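Chains B and H, in that order, give the protein sequences. 1 is the number of the first residue of the first sequence in my numbering; add one for each residue after it. 1 is the number of the first residue of the second sequence in my numbering; add one for each residue after it.
In case anyone wonders, no lab produced these hints; they're calculated from the structure. Each hint should be verified, as a subset may be incorrect.
Straight-line C-alpha distance at most 27 Å; calculated BS3-like pairs for lysine-lysine [what the hints assert, rightly or not]:
#, chain 1, residue 1, chain 2, residue 2
1, H, K122, B, K415
2, H, K9, H, K200
3, B, K275, B, K415
4, H, K79, H, K156
5, B, K36, H, K156
6, B, K377, H, K79
7, H, K122, B, K190
8, H, K122, H, K139
9, H, K156, B, K190
10, H, K139, B, K410
11, B, K410, H, K79
12, B, K493, B, K415
13, B, K410, B, K495
14, H, K79, B, K190
15, H, K239, B, K105
16, B, K410, H, K156
17, H, K156, B, K189
18, B, K514, B, K415
Interface residues of chain H toward chain B, partial, derived using beta-carbon atoms under 10 Å [what the hints assert, rightly or not]:
#, residue
19, Y4
20, L8
21, L131
22, Y141
23, T201
24, D203
25, M324
26, A325
Computed from a predicted structure; not experimentally measured. The beta carbon of each residue, even a glycine, is placed where N, CA and C say it ideally should be.
Next come the chains, spelled out residue by residue.
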Amino acid sequence: MRLGFGGRSRFVILAIVLLALGASYIVYHQGMVTGKELYTVGVSFDGPVIQDPRFQVIRVDPDQAHIMLNQRALDAYVDGNGIIARSGDERSQYVKEALLSYLAKQDLLRIAEQYESNRAFPLRIEVVSLERPETELGIVTGQQPSQVTEPEEPPNPEQISGGESTPAVSGSLSEPALSVPDEIDAQVKKQLDTFEKGGLPKLSEALLSEPDIIIPSLTPPPMPLAQVMLVFSYVVPVLFVAVFFASSFTEERVSRRLVILLSTPVSSLQVILGKMLPYLVYSWIVITVMSLALGGNIPLSLAIFTPVALLIFSVYMIVALMYRTFRDLTLFSVLAVSFIMTYLVVPALLTGVSNLSYISPLTLAVEMYRGETIAAKEYFLATVPLYLIFFQALFIGTRVFNEEYLMGFKPLRVKMAEAINLAVDRNHLNLSAFLSNFFLLPIVFIIQLTSIIFVHNIPMPSSLWVLVIISAVVEELVKSAVLFVFLKNRIVKTKLGVMRLSALSALGFFSGEKLLLLLALAVLSKSAFTSAVFGGGLWVIPLVLHIVSTGSVGLVTQRLGTKYYPLAIAIGSVIHAAYNLYFIGVLG
Amino acid sequence: MREYLVLLKKELRSVTKEKTIILAIIVQFLIASLSSVILEGVMTFYDPNSVIWNANVTIRVGFVGNTDAPLLEYLRDRKILARPFSELATAEAVFHAGQIDAILSVPEGQSGPVNMELFLPKMEIKRTLILVMLDEPLKRYEDYLREANGVLVNYKNFDSKSFSTYEFLYTALIPILMLFPALVAGSIVIDSISEEFENKTFDTLISAPVSAGQVFAAKVSAAAITAVIQTLMWAGLLKLNGITIERLALVLVLAMSYTVTISFGAAIIALFFRDRQRAQFVYSMILITTGAASYFLNPSPLELLTKLSSGAPNISALGFILYMALPVAIGLIFFHLSGRRMLTSS
């Protein structure tokens with residue numbers, strides 16, 4: 001097996017990794033490296049010494065400084081009394097803040113040196129963990145502070161016992177929880193040392209633990225989402241391996257070695273798996289190494305990240321099968337991988353807040369780091385869609401694995417249509433229509449989830465519209481894709497046939513959708529979201545809608561010819577989007 | 001010139017025809033959307049406070065101890081719902097009922113440093129949130145205690161944290177967005193030049209009445225033009241999101257000059273190596289090294305971009321002019337080399 005592979009994909013990945021490294025470097029030095037001489041500040045002759053690469057310091061007397069400030073030749077000015085900035089000038093105010101932050105830090109170091117530690121750091125807070133039954137988003141938003149001072153109500157006994165488990169106190173209140181003073185003093189000293197060095201503690205340490213004792217001016221506040229970033233670092237090297245895999249695949253294809261293999265008595269499945277296996281082993285090694293380095297549980301990490309690796313591999317394999325040039329390979333892989341990343345990362349950000357987070361395997365990894373147990377149903381919800389996509393990709397891969405397809409140089413949509421044509425079983429049209437839609441659902445699911453993030457860039461009222469339209473177009477495209485191929489290849493000709501296949505496609509899609517939600521329901525039982533989806537009457541109407549919209553697409557395409565497929569999709573999407581908008585209450 | 005325009009058109013068409021550039025733009029847009037999410041993640045690395053303050057969240061803290069202590073007032077200044085309790089046990093019961101999120105217990109009648117206890121839920125996100133929200137009031141209280149102990153505090157800094165967002169925007173985000181299209185352009189140049197060599201189409205092309213210089217110039221321009229369009233797009237998108245680039249015209253001109261420099265550099269590399277794989281590898285390596293080395297220049301390319309876009313005073317005009325001259329210089333080197341390489345190859 002060779003590791004020769006195409007450059008730009010490597011370049012892009014390398015750039016991403018470097019970006020990540022750069023970011024951690026910045027974190028490590030707390031912004032010291034970037035923005036060299038970003039700020040120009042004037043300091044009076046008796047003012048403080050400023051030694052920070054961000055500040056370009058000019059020594060001037062106060063009168064001169066005022067003139068320079070007004071001429072915008074200075075961003076801010078420091079004298080013995082404090083910091084002066086231009087009022088109403090955004091930049092100048094930011095510079096003042098940056099300067100204040102720097103000077104306060106220097107001041108703190110002076111205090112630490114000048115006074116004994118009990119006086120310099122007079123406040124120590126010991127953190128004790130309490131357990132209580134989880135509530136759905138237990139944080140109150142937008143409540144008025146006036147409610148605070150209301151007289152105490154006696155706690156509602158029903159609410160206390162209402163949870164699934166009885167509340168357990170891990171740090172019992174009856175025992176004195178405070179540590180011995182010596183221990184606290186040692187903590188102060190340790191944290192002061194870290195603070196003087198000017199950086200954060202070791203990165204992995206900061207990610208994984210938080211101090212038991214808080215000294216407000218020394219202890220940096222914890223990093224939210226740190227654990228998500230930590231588990232994400234497992235995925236990056238796996239991506240690397242997948243790029244190697246795709247490049248080697250493409251190279252063999254371009255050099256026609258793959259086609260030669262076809263003439264041997266080896267099956268296409270064997271060729272694909274044989275090509276993939278070494279790289280899969282590589283990714284297992286990588287996951288194990290990461291797990292060792294980041295203090296994870298190795299078997300559990302493998303169980304969580306293997307489906308992730310398989311998903312990434314399937315995407316790269318499909319792209320490598322469809323495209324002959326490295327340039328296309330790179331671009332489409334980056335596109336696909338961006339989708340995958342969104343799918344993996346975004347739900348994981350909600351870990352512990354909403355059960356919806358379980359659709360991403362990264363959530364499981366976050367839980368692994370928190371030492372929580374992972375239930376089997378949670379594992380299945382997070383990984384089954386990924387396994388499904390992998391087997392589907394494998395199936396399509398073996399179907400299109402012939403010389404004509406591999407060596408053909410055609411536009412994407414033709415390639416896709418050909419792939420569908422090769423994948424479906426012509427003897428069982430009805431079953432093909434049903435099953436293909438059933439199995440395509442996880443992909444639709446990923447695209448839709450990602451488009452939520454995608455519309456993040458657009459302001460709120462219009463983003464909802466865009467989201468509804470995107471999801472309608474995606475669903476209509478997927479549902480009618482097989483039908484389109486049948487029409488194009490003149491496998492179906494009659495109106496009745498089109499209607500029947502539309503209905504079956506819609507039914508397949510609908511069944512997949514509901515099954516996925518049923519699986520989700522097993523995990524999401526406590527969420528308000530599910531009750532909305534599984535409310536009464538919502539089983540029949542959506543099915544009818546799916547059939548109507550797909551049917552319209554099919555009939556329009558049949559009537560006007562496959563050239564007008566985009567128009568047909570537009571019509572189907574309008575019907576679909578109108579229903580969705582009506583349902584969420586925007587229309588009507 | 002006319003041949004050049006014909007070639008340029010051909011190159012631009014070939015870029016758009018394959019939908020490469022449309023795809024590249026979609027990819028970048030996705031990366032941007034994703035980065036806005038990841039950015040929030042990075043921002044939390046950089047400064048957890050800024051994110052939390054944007055999230056309009058209120059937390060409820062039970063407060064056990066002396067209600068005269070200024071800490072209670074500090075908590076309320078931060079819009080934390082502080083609810084006083086006379087006994088820890090009562091507070092604990094209310095905590096288990098889910099009516100408060102944390103308990104701060106201040107022992108009474110202590111001498112020396114104040115040792116408090118903070119009871120937090122185990123759930124990570126809320127726990128983090130509470131710790132971040134409590135940061136400022138606790139710092140204020142600490143300074144209050146210092147001054148009560150006769151410690152002189154010159155500079156107080158509790159919550160002026162938003163400058164780090166500002167720094168992040170102008171030292172990281174905007175430079176990355178302005179330079180990313182340039183890096184892609186270099187890569188595209190290498191692809192399209194090495195493609196001609198590898199497919200042996202270059203000989204056919206050169207037998208037409210055009211010079212090698214014109215062929216390459218068209219390729220470089222096509223890549224550079226697409227890059228410039230992308231930077232314009234980024235600037236527009238940033239504007240929509242309420243982020244202003246101060247000296248926009250100069251920033252765009254500077255970004256364009258970097259793009260052309262990188263594209264010509266990439267073309268030189270492609271001319272030397274001819275096969276795509278090696279050329280791409282060398283390109284990325286050289287890019288990384290020069291990128292790192294340029295940090296020591298005064299002003300460095302990144303520094304100049306940062307200063308211009310943030311509207312900093314005293315920007316070196318000489319530096320700007322030199323960076324504008326750079327693409328011209330490297331372009332001349334390229335044309336000189338391309339003529340000579342052609343002679344030696346045939």
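Broken hints, by number:
1, 6, 10, 11, 13, 14, 15, 16, 18, 19, 20, 23, 24, 25, 26
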